[in-house]
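Trainee: What follows is the residue order along each chain.
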Amino acid sequence: MTLDVLYFAWLRERIGASREAVDTDAATVADLVAELRGREPRYDAAFADMAAVRVAVDQELRDLAAPLAGAREVAFFPPMTGG
Amino acid sequence: MAVRVQEADFDPGAELAALHAGRTDVGALVSFTGLVRDLDGRLTGFELEHYPEMTAKALHAIEAEARARWPLQACLIVHRFGPLAPGDRIMMVATASAHREAAFDAAMFLMDYLKSRAPFWKRETTTAGASWVDARAADEAALRRWSRGGR
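Residue numbers (this note's numbering), protein chains in the order written: chain L, 480 to 562; chain X, 7 to 157.
Same shape as in the complex, but just chain X (with noise of 0.2 Å):
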């Protein structure tokens, strides 16, 4: 069980790796990969703004909160944050369970609790100026699924 947040970027394959080295129990592992898009060739810089304090206290409560709700034999949350350019990595979230169906769902619940809850706020500069990215409705909206009886 792990959360990190750093400054420096990540090997995902090795943090894969890592999460079932040495045990015969996981047969499911599920990860997601957020990285720093840039749709039409404006971008031209990027910065991940955090809340240091808390950002470690809303990450383990979104754990912790996805290991009570599904059989988890591993989960990993990375976080970056700084100055970052198009096609750098940004986050990763990556789950084991013994079956399929935990690890996609617990992957699901982190991302659509991180993309709200997590105090991170992206800066993007283009072209056209820089400019703090808007929170998206459907991201508030995703986590209404996950709320008690939904699911």
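Okay, chain L solo, but in the shape it has when bound (with noise of 0.2 Å):
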């Protein structure tokens, strides 16, 4: 499936991309990060510390448990904050 790959705040800066399309066969988010941390250093050093990372799919925050299956969109971005 191919997936549209969101990023934002200083994930966005450490990675250096906004938005990118990725080829994956990830059953979870969980299963995403570890594909994505593979691939590059600039990934593997924005996803180092989970617990400062929040999740969405589709629009709606997750954990890194959650299952890919059907989804589009998945948003990587630290604690927000809004307000």
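Simulated from the structure, these hints should not be mistaken for lab results. For clarity, every value in this text was computed on a predicted model and none was experimentally measured. The beta-carbon is built from N, C-alpha and C at its ideal position, and this holds for glycine as well. Worth double-checking, as some hints may not be accurate.
What the hints assert, rightly or not - On the chain L side, residues computed to face chain X include the following (Cβ under 8 Å):
#1 Trp489
#2 Ala500
#3 Met559
Combine the two chains into a complex, taking the hints into account.
Mentor: Here's what the structure looks like:
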């Protein structure tokens, strides 16, 4: 499947992209993170501390165990600081 | 009922007036306005990044939850994004109800959820450099008081 993968705030800066299409067979968010980390050092560095990373699947907050079957968009970002 | 995400400034007074214009059943109108704070005069830049596709969904979900919990006659969330300056308005929430308790509680609930569940990220530039504002543990803790059964 092809996923739209989005990055925000310091994840966007460390990875050097705000959005990219990723061809993957990852079953869960955790699998996708492992796959990205194996690609290049910049991904490995950005995802080194997953306690500092939040994830949304199709614009809904999810955890690392969330399945990706049927998903179109996955976003990674730090804890939110709105308001 | 309204949620707006915009780069432009807004007029809190006009927003509040519009919220109860032409109706007589509103007894209590509560609002909160968040501003760009510069405590020590070192802030030289401020930017709010957001995730547009998710922001609208998240804010509507938070608003719907507030309306399910309290008898609100009107509810408004306005949140800006983009570059802002010290003293600028960032966002506002307003709630209207027949009585003050529901209006105050719902406004507090909206703020607590906006802080930690709406996909915005603040980036500050000071004379010492630029950095992303860290989420505060106190903001996450504030959400727990609204867990079902907690209030």
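Trainee: Which earlier hints can't be squared with this structure?
Mentor: 2
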